[in-house]
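Asks: As a plain string of letters, each chain reads:
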Amino acid sequence: MSKAIEIENFSYAYPDGTAALSNISLSIEHGQRLTLIGPNGAGKSTLLLAMAGFVKGTGKVFIDGLQINRQNLKKIRTLLGCCLENPDDQLFMPTLFDDVAFGPLNMGLDSEQVKNRVSEAMKTVGLTEMADKAPHHLSAGQRRAAAIATILSMAPKIITLDEPDGSLDPRNRKNLTKLLTGLPQTLIIATCDMNFAAAIADRAVLLDKGLVVADGDATKIMSDPGLMTEHGLEVPGRFKNIARRSITN
Amino acid sequence: MHHAYIDKFAYQDSPVHRLDSRVKFIVTLVFTAAVVSLPRTSPSILTCYAVGPFMILVLGGIPLRFAFKHILLVSPFILVLALTCPLYDRAPVAVAFGPFFWQTSLGWMRCFTILGKFTVTMLALIALVSTTRFSDLLTGLQRLGLPKLLIIQLGFLYRYIFILIDKAHHILRARAGRKLVNLGFAAELKIAAAMLGSLLIRSIDSAEHVNIAMQARGFEGKWHSISRLKIRRCDLLFTLTAASFLLGLHFFVKPMLL
Numbered sequence: 002m003s004k005a006i007e008i009e010n011f012s013y014a015y016p017d018g019t020a021a022l023s024n025i026s027l028s029i030e031h032g033q034r035l036t037l038i039g040p041n042g043a044g045k046s047t048l049l050l051a052m053a054g055f056v057k058g059t060g061k062v063f064i065d066g067l068q069i070n071r072q073n074l075k076k077i078r079t080l081l082g083c084c085l086e087n088p089d090d091q092l093f094m095p096t097l098f099d100d101v102a103f104g105p106l107n108m109g110l111d112s113e114q115v116k117n118r119v120s121e122a123m124k125t126v127g128l129t130e131m132a133d134k135a136p137h138h139l140s141a142g143q144r145r146a147a148a149i150a151t152i153l154s155m156a157p158k159i160i161t162l163d164e165p166d167g168s169l170d171p172r173n174r175k176n177l178t179k180l181l182t183g184l185p186q187t188l189i190i191a192t193c194d195m196n197f198a199a200a201i202a203d204r205a206v207l208l209d210k211g212l213v214v215a216d217g218d219a220t221k222i223m224s225d226p227g228l229m230t231e232h233g234l235e236v237p238g239r240f241k242n243i244a245r246r247s248i249t250n
Numbered sequence: 007m008h009h010a011y012i013d014k015f016a017y018q019d020s021p022v023h024r025l026d027s028r029v030k031f032i033v034t035l036v037f038t039a040a041v042v043s044l045p046r047t048s049p050s051i052l053t054c055y056a057v058g059p060f061m062i063l064v065l066g067g068i069p070l071r072f073a074f075k076h077i078l079l080v081s082p083f084i085l086v087l088a089l090t091c092p093l094y095d096r097a098p099v100a101v102a103f104g105p106f107f108w109q110t111s112l113g114w115m116r117c118f119t120i121l122g123k124f125t126v127t128m129l130a131l132i133a134l135v136s137t138t139r140f141s142d143l144l145t146g147l148q149r150l151g152l153p154k155l156l157i158i159q160l161g162f163l164y165r166y167i168f169i170l171i172d173k174a175h176h177i178l179r180a181r182a183g184r185k186l187v188n189l190g191f192a193a194e195l196k197i198a199a200a201m202l203g204s205l206l207i208r209s210i211d212s213a214e215h216v217n218i219a220m221q222a223r224g225f226e227g228k229w230h231s232i233s234r235l236k237i238r239r240c241d242l243l244f245t246l247t248a249a250s251f252l253l254g255l256h257f258f259v260k261p262m263l264l
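Quick mapping for you: the protein sequence lines, in order, are chains A and B. Quick note: the first sequence uses this note's numbering, first residue 2, plus one each step. Quick note: the second sequence uses this note's numbering, first residue 7, plus one each step.
Extracted from the complex, chain A is given alone in its bound form (with noise of 0.2 Å):
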């Protein structure tokens, strides 16, 4: 069976020469909960957006087992959300259920479909009531969660999350853990938090400078006191007590 996302070698450089990706590889599996974590400028993001084909480097990136090219890339669409980092840039349309409804039009679903997508998608999400919003009137954790009902109504097999808890409040931000840890794609998140990454994730990539320096299950390495100073990063809350332990030890 096709692996979810496989990275292959994969470099990137901006227009100015800066190397932003240098020789990334990844395996993603159907079903796990990555986060990419790392410092500001450690290329999360650009590597977030490579995974969708919005950044052409060297290398190979398959999606599904279908390799990113002009030929794939509107299956590829389908197969892979993408939920930018701010949400104003994903909620372009005057409606939420205009915006939630765009991505099913794209796919060529009937009316009919789309209403039944959206609805699905919305009551997800927990908007039922919001649908005929606008977005500037609903709340930042309103917001945050109507970005992710827009890609949730493509029904993608995954899902890439750009800083998805920033700006949110610990009550919004415990309610996106909870919508996060109970879908079933599989999830790549880049975050700079830890706590909320620890809370979702089953494996993390650590980036720094555009290399993977560590990737493995998330408990062993957000809790790597060394690793994680190292490159300008905390051990979250819920794993200080096995970085105490192994510190003893």
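Any given hint could be a false lead.
Stated by the list, open to error - Heads up, simulated PhoX-like pairs for lysine-lysine below, C-alpha to C-alpha not over 25 Å straight-line:
#1 A:Lys-75 x B:Lys-154
#2 A:Lys-210 x A:Lys-124
#3 A:Lys-134 x B:Lys-154
#4 B:Lys-154 x A:Lys-116
#5 A:Lys-134 x B:Lys-185
#6 B:Lys-228 x A:Lys-116
These aren't lab readings, by the way, just hints derived from the structure by calculation.
With the hints as your guide, set chain B onto chain A.
Replies: Positioned in the frame of chain A, the structure of chain B alone reads:
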């Protein structure tokens, strides 16, 4: 974000709010054309026409203060035009109002007619946008055959204008926080240019991200949409009432007053 939106009452619920946006738009258009085509020297008939939008505002639960506040906001442009009339048209005319009778100039009559027409048509426009959600208005316009490209542009404008205003406010606040002395006109101009540049770059950045978000959801240049508008019996009743009102004014009231 808490902006004083022009459509802030559009999300209320009333019989007027529930009417189809296409019907409201066409009625407003016909009403505006009827008001604009009235003779330039007949301010009294305008009060009869004003009853229409006034009723819509009352039935829709829109505060009249809100409506007049917005009319005042845009009035300076028309005021300039109206106040020039008495300067170039000084032909004397006699005006009668009930038992009162006085002499004035044709210019002043034109001035009052222009202001009256402006107020009445603005009332109608405010009644339309305050009782119709912008998204419904766009869908209605699309169903009425307006080019899709124009609808998309209007949709984006409505969605992002507030975000742009917010960004501008943030930049202005950041400047105010560090501006301790007046730097003089030249320096202030330079700073303003830099702020505008920053706003432009941020807008381009946002546009790129929106483009990515659209492509990520399968957008390939063709715009699809679902229309949830439906003409019902109450829409037909409203159209009939509006038509009777306008025809009644045109054929019965107008000949009596002119």
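Asks: With reference to the structure, classify each hint as holding or not holding.
Replies: Status of the hints after comparison with the structure:
1. A:Lys-75 x B:Lys-154: holds, 23 Å
2. A:Lys-210 x A:Lys-124: violated, 39 Å
3. A:Lys-134 x B:Lys-154: holds, 22 Å
4. B:Lys-154 x A:Lys-116: Holds - the C-alpha atoms of Lys-116 of chain A and Lys-154 of chain B are around 21 Å apart, at most 25 Å.
5. A:Lys-134 x B:Lys-185: violated, 39 Å
6. B:Lys-228 x A:Lys-116: holds, 19 Å
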